[in-house]
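Quick note, the sequences are listed as chains L and B, same order.
Start counting the first sequence at 0; every next residue gets the next number (numbering that gives the first Met the number 0).
Start counting the second sequence at 0; every next residue gets the next number (numbering that gives the first Met the number 0).
Please note that a few of the clues may not be correct.
Computed spacing ranges between beta-carbons, pair by pair [to be verified]:
1) Asp124(B) with Arg211(L): 52 to 58 Å
2) Ala19(L) with Pro94(B): 51 to 57 Å
3) Asp85(L) with Leu276(B): 51 to 57 Å
4) Phe162(B) with Phe165(L): 49 to 55 Å
5) Leu309(B) with Pro4(L): 57 to 63 Å
6) Phe162(B) with Ala19(L): 18 to 24 Å
To spell it out: a stretch of chain L is covered by chain B in this simulated footprint if at least three of its residues, at any positions, have a beta carbon under 8 Å from a beta carbon of chain B; those stretches are [claimed, not checked]:
7) 193-206
8) 243-256
9) 279-286
10) 292-302
Here are a few chain B residues that sit away from chain L, every Cβ distance over 12 Å (derived from the structure) [said to hold, decoys possible]:
11) Pro21
12) Val31
13) Arg65
14) Leu215
15) His231
16) Asp286
Calculated directly from the structure, the hints in this document are not laboratory data.
Source: prediction; values computed, not measured.
Quick reminder that beta carbons are idealized off the backbone N, C-alpha and C, glycines included.
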Amino acid sequence: MERSPAPLLSVRNLKTYFFADEGLTKAVDGATFDIHPGETLGVVGESGCGKSVTARSILRIVEKPGRIVEGEILLRRTGANGGEVDLVALPADGKEMRSIRGKEIGLVFQEPMTSFSPVHTVGSQIVEAIRLHQRLSKREARERAIDLLKQVGVPKPERRVDEYAFELSGGLRQRAMIAMALSCDPNLLIADEPTTALDVTTQAQILDLLRRLQEERGMAIMLITHNLGVVAEMSDHVVVMYLGRVVEEGPVDAIFHSPAHPYTRALLRSIPSIRSQSRVKLPTIAGSIPHPFNRPPGCPFHPRCPSFIPGTCNQREPGMVEVKDGQRASCFLYNGA
Amino acid sequence: MVVALDRDKLLLDVQGLRKFFPIKRGFLRKTVGHVRAVDDVSFFIRKGETLSLVGESGCGKTTTSRCILRAIDPTAGKILFRTEDGAVVDVASLPKGKLRPLRRQMQMIFQDPYSSLNPRMTLLDIVGEPLLVNGVGSRQERMDRVAELLRLVGLRPEYMRRFPHAFSGGQRQRIGIARALALNPSLVVADEPVSALDVSVQAQILNLLMDLQDRLGLTYLFVAHDLSVVKHISDRVAVMYVGRIVEMAGTESLFAAPLHPYTEALLSAVPKPDPRLRSRRIVLEGDVADPANPPPGCYFNPRCRYALDLCKVDTPQLLELRPGHFVACHRAGELSLSGVEVDRPSV
Chain L
0 MERSPAPLLS VRNLKTYFFA DEGLTKAVDG ATFDIHPGET LGVVGESGCG
50 KSVTARSILR IVEKPGRIVE GEILLRRTGA NGGEVDLVAL PADGKEMRSI
100 RGKEIGLVFQ EPMTSFSPVH TVGSQIVEAI RLHQRLSKRE ARERAIDLLK
150 QVGVPKPERR VDEYAFELSG GLRQRAMIAM ALSCDPNLLI ADEPTTALDV
200 TTQAQILDLL RRLQEERGMA IMLITHNLGV VAEMSDHVVV MYLGRVVEEG
250 PVDAIFHSPA HPYTRALLRS IPSIRSQSRV KLPTIAGSIP HPFNRPPGCP
300 FHPRCPSFIP GTCNQREPGM VEVKDGQRAS CFLYNGA
Chain B
0 MVVALDRDKL LLDVQGLRKF FPIKRGFLRK TVGHVRAVDD VSFFIRKGET
50 LSLVGESGCG KTTTSRCILR AIDPTAGKIL FRTEDGAVVD VASLPKGKLR
100 PLRRQMQMIF QDPYSSLNPR MTLLDIVGEP LLVNGVGSRQ ERMDRVAELL
150 RLVGLRPEYM RRFPHAFSGG QRQRIGIARA LALNPSLVVA DEPVSALDVS
200 VQAQILNLLM DLQDRLGLTY LFVAHDLSVV KHISDRVAVM YVGRIVEMAG
250 TESLFAAPLH PYTEALLSAV PKPDPRLRSR RIVLEGDVAD PANPPPGCYF
300 NPRCRYALDL CKVDTPQLLE LRPGHFVACH RAGELSLSGV EVDRPSV
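Go ahead and model the full structure; you've got the sequences and the hints to work with.
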């Protein structure tokens, strides 16, 4: 798919570090990518790759001792306050950031049980989110909350609105979470592992719902997941992260059918697929993900890489180079890295 | 269920297993109902094979495995287990005191390698504990055995004085496997052994489990919800829904040609790692039935797109429709359900 020319959100050389007593963790170390209006960007990686911290950086909700130390996050805004704004330059708890967070950028967390307050009804929490950004009376906001719950497929919404999160099943809870994230019609929805805690048939329901809502509203989705199946089914464009770096990005078909970075290639080969033969040994990636305190010098993947070039990969850091149309990788196998 | 098989080859034969948990209410804790966690489950496992129990959360797969290990006492049913000396015992009815020698032969691998290892014990203590508890060998012999076990699971024996925190998730799961194998069990119950691991590490552990099975002749009861993982490791698969087995067959047969509508929906719901295969998935409406208050007839009927009036009143039995392929569905055989094709290995 052709990407529309002007990105909705541009992340440029983002670095978010955690300054803990035990040492410095470079959770995100120079991430660069764009999200275009109406598209689904899949951000994929294993634990510690920095995908969640990237999302938190965009929303400016990085917890201490974490801090954005470098980079830009440019959001193109529409309407009265149109134009481009650098989210990194805004105060994290200032008025403008608060009006963006939840209104222009919605967020869906992984664990809907812990992200809802257990002592307030689901409805009151959605009403709160609505009234924070829109001038509506309590009754109007409640009507809107019921309408939203209906749109995300919650049965009997006028009753569910007065229930607590623990009274809902996992799937319904995640639907309510999505309803809350959509309450102010965001242009961008960040979904951080939205289906990881769910069963596979419920996951299928939620993915279907996200796709339908995107068609109806034309919003962009940043879908963060470790599940390559979910990425393949949902994304237009994919960003692959490893230890705080974007190692490869490109259109979804290129990533899955002609991956360029050795990490992407190895990862795709090593996942058990429902379409492969049973009782067959899987090719594996040697070793495990290094602890973020002992990040290897040079390319972070070099100790596990089958194409490791001694003297190069362990000494210099590769830059991003275009491999094919719209597909870029950071690897010394490609000229210019 | 009729099993037309050489019964000598069976290691485990579960017949009519039930486990009901009482629901207690009020001041007097009166029992007002039961959660039918496992409801008339029958299956067998041959020596040296891997049977997987799959299903969504709350379907009773973990409860079934816990009953087999007698970690909890079943409400009814038989769990026939063939011991090392060839005798067949009913684990379900054995008094607690007689379970000890049996426990050596059935071991468990846990899901979470972070919480299942005591952080204050060294690898030597963790892996050697089953030996110590069962009074196997002298201190030196135990150390030798631990070293051997660590080598077996791909860890360096020099690490045996270290604590679990020094190891990654995949390495910790190897430690858990070494502990499970310490007493040479014949049956290993693995409850979601790879679901807490990173994708790039899952393959290593799955390969290790298959390797160990070939080398030691182990029999696995594998409990998992990830159908891709299940397809990789299993010889046979049993699909559970609300405490019952709805379909059981050889892996290839079950994935390629499922006979139960629930299996079909489950297979189609798995996201395939290939954007060219974005298919029209079968999206099941509603939620899994409540095991405390299941619908009448087939438990799956409210969500089944093939359901007839008969399905709403009559509970289907698990029958052998094709050799080795069991299914509990009134319409089994007359429906043409779609399974999952197998990719040809890429060049």
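Problem set entry | Hint check against the structure, violated hint numbers in rising order | 3, 4, 10, 15, 16
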